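Colleague: Sequence:
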Amino acid sequence: MNAIVETVAGSFAVDLETAEVEPWDGDVEPPEAPALNLPRVIAAAAAGATVMAVVDAKPPLLVSHDVGVTWRESGRGLPAGRAVAVFDDDPDVVVYATRNRLYLSRDGGTFWASLAVELPEIAALELRS
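In this note's numbering, the protein residues as written are 1 to 129.
No wet-lab data here; the hints were simulated from the structure.
Computed from a prediction, not measured in an experiment: that's the story for all the values here.
Please note that a few of the clues may not be correct.
[To be verified] Derived CB-CB ranges, DEER-like:
1) S129 / A49: 16 to 22 Å
2) G48 / R76: 22 to 28 Å
3) P120 / A49: 32 to 38 Å
4) S114 / V69: 14 to 20 Å
The beta carbon of each residue, even a glycine, is placed where N, CA and C say it ideally should be.
Using the sequences provided together with the hints, build the complete structure.
Modeller: Below you can see the structure in the form of structure tokens.
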């Protein structure tokens, strides 16, 4: 599985298993963000009933597992975010992007691990298998 990341210095493919980075020649096509009635939303992504919203607050993420009916906070300790992506085939797999770092959750946003890669300033992100 790869995170395709658009940065100010071009696009990159980041392997989520090995954290290897390669230049990406294709387009970065994040899915259309869901319409949310939440304050201070920076970015959002959804897959199935899972919706993730990056917000301008501490903690920086809101998570819903029922299509936005109820929300819980996530990401305590994470820095401010720029983008988020939820894997369509497995909504428990989520990638959160800060200014130049990626964080991976494999449990729907409960626990987060930083990937050992630092990128130029991140603008957008998508997940591909």
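Colleague: All hints, please: hold or fail.
Modeller: Each hint tested on the structure:
no.: 1; hint: S129 / A49: 16 to 22 Å; in the structure: 20 Å, holds
no.: 2; hint: G48 / R76: 22 to 28 Å; in the structure: 25 Å, holds
no.: 3; hint: P120 / A49: 32 to 38 Å; in the structure: 34 Å, holds
no.: 4; hint: S114 / V69: 14 to 20 Å; in the structure: 31 Å, violated
Against the hints set out earlier in the document, a violation occurs for number 4 only.
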